[in-house]
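Trainee: Residue numbers (UniProt numbering), protein chains in the order written: chain A, 1 to 293; chain B, 1 to 282.
Calculated from the structure, these hints are not laboratory results. Please read these numbers as outputs of a predicted model, since none were measured by experiment. Not one of these hints is a red herring.
Here chain B is said to cover these stretches of chain A; the calculated rule only asks that three of the stretch's residues, wherever they fall, bring their Cβ under 8 Å from a Cβ of chain B:
| hint | segment |
| --- | --- |
| 1 | 49 to 63 |
| 2 | 80 to 90 |
| 3 | 109 to 116 |
From the three backbone atoms N, C-alpha and C, an ideal C-beta is built for every residue, glycine too.
Spelled out, the chains give:
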Amino acid sequence: MTVTVSASGLTLRYGGTRALDDVSLSLRAGVTGLLGPNGAGKTTLLRVLATAVPADGGSFTVLGHAPGSAAGRQNLRRTLGYLPQNPGFHPDFSAFEFVDYVAILKEQTDRTARHREVRRVLDAVDLSDVRGRRLKRLSGGMRQRVALAAALVGEPGFLVLDEPTVGLDPEQRVRFRELIAQAGEGRTVLLSTHQTEDVAMLCHRVIVLACGRVRFEGTPAELTARADGRVWSSAARDPGARAGWRTGAGTFRNVGDPPKGAELLDPTLEDGYLLTLDDPDGAAPAQQGEAAA
Amino acid sequence: MTWHVAEEDLRAYLRGDLAPPLLWSADTHLTACAGCRALLADLSDPVALDTGWERLDAELDAPRRGVFEGLLVRCGVADHSARLLAATPVLRRSWMLAVVFVLAMTVLMVRLADNPGLFLGLAPLLPLAGVALSYGPVLDPTYEMAVVAPLHGFRLLMLRTVAVLGAGLVLNGLATLALPAYGLRALAWLLPALALTATGLALTPRLGPVLGPALVGTAWTALLLIARARAHGTPAPFTAGGQLAAALVAAAAVWLLIRLRDRFDSTSAHTPFAGFTHGSAA
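Turn these sequences into a full structure, and let the hints steer you where they fit.
Mentor: In structure tokens:
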């Protein structure tokens, strides 16, 4: 599958900290999940790829456009749909007016064509019925869908979504997953999330970022496979486990290096993710993930 | 219903040649009259009819413009530019009311003290603050989306600057009219206002949208205090020489601003968003 977005050696220092440390990655069409703990640099990486913040070092291209020159940056932005972590709204705008405003920012100046596009994206996120309602009167989930609609204006080839399911109830999260899955058909989507469930259900690729560095790049199955033989059940929390918690059945689920004779369990993506974060050899894990394929 | 759209007008409607207000009447009537719709269908080819309905649907669907946005469109501002201006944070009613209140209080104090110094010192700061707050993360909730949009940041900045500066100057001008006793001297704020605003914007790519204008405002206040301490008459910025200097500063700042226009969406010193997520210590 053709690489649509590629980054090499991205570095960004902010004050005395290294928010991105030599990040290299390549994305293809479909939904790629970006997992990592708080402070891992996920939002910074997304802002760099969305051209909101320039990197100190390294380079990247999106659908053949590099942001080095003003013209390249503008062409890149024409291919981009961006849903920030905290999308801001003009509260007195209606959903239609807000998406219309973003469409104008995306250079859609012809009123008839622009309004047609606004109706299309509001239909796509199932908000046609409330398009005239003021944003301040919409629920958090609806506002998030309005922001997604705004990101979809102009059918961007590269969609950047920064934790879009945060704060949504389970029903809204499932609805949002459907929308992201639809959006990922035929375009490249980079989805930052804390929810390993989102990644397991939506993504064909996953990147794990920790301390500004890529710790893993591969498929969700490869990430899950990192925990093969390293998840076990016990009656009490195993002190040797890297993580352990009591399950609903009353037994403990432990992740780490199991003792001999332990009752092994099938790993989940979350187990693989936890072990990857703990992996002291995280410096060159991408190859490990690829090698496991 | 006694009136129906004439066949000749329906043909013009199909060709897209029917002009307002007859076009609006026909649109409204066709939504309610099945007979005219049937006649329209007989006269038209299906593709053209679908296009017409789509246009009608879009018009009915389009949001009603607010008072300010509608006024701009009636004044000849393009529809998309009017929407961008309607989203300018400091053009909101609360900001305007605050500026009017400050100016009214200042005019009152000037009349009581019989000294225009306070007004002349304050009036240039209001447009500077308005312009600074119209483009940046402080008051614009959609700033992050605007930064990554293909619309050039400098164009958006200039659109908003013209609108905010225009509104600010009009309000200052009205306040000047309330001080007729000082004649042309009461207009001595105008050139400093242009100089401060242009300088604040020119420093924005280097210092950011908050620090740049804040430094300019501080420098202006310091200049006034020093001028007042050194001379008992008219402070230097409001003399003929001071006005000439303000004009020169304004011209130089505009020149610099135009030269730096590409930096408004690419400078690394421009820190647009609070709350970066931090990685490892360097």
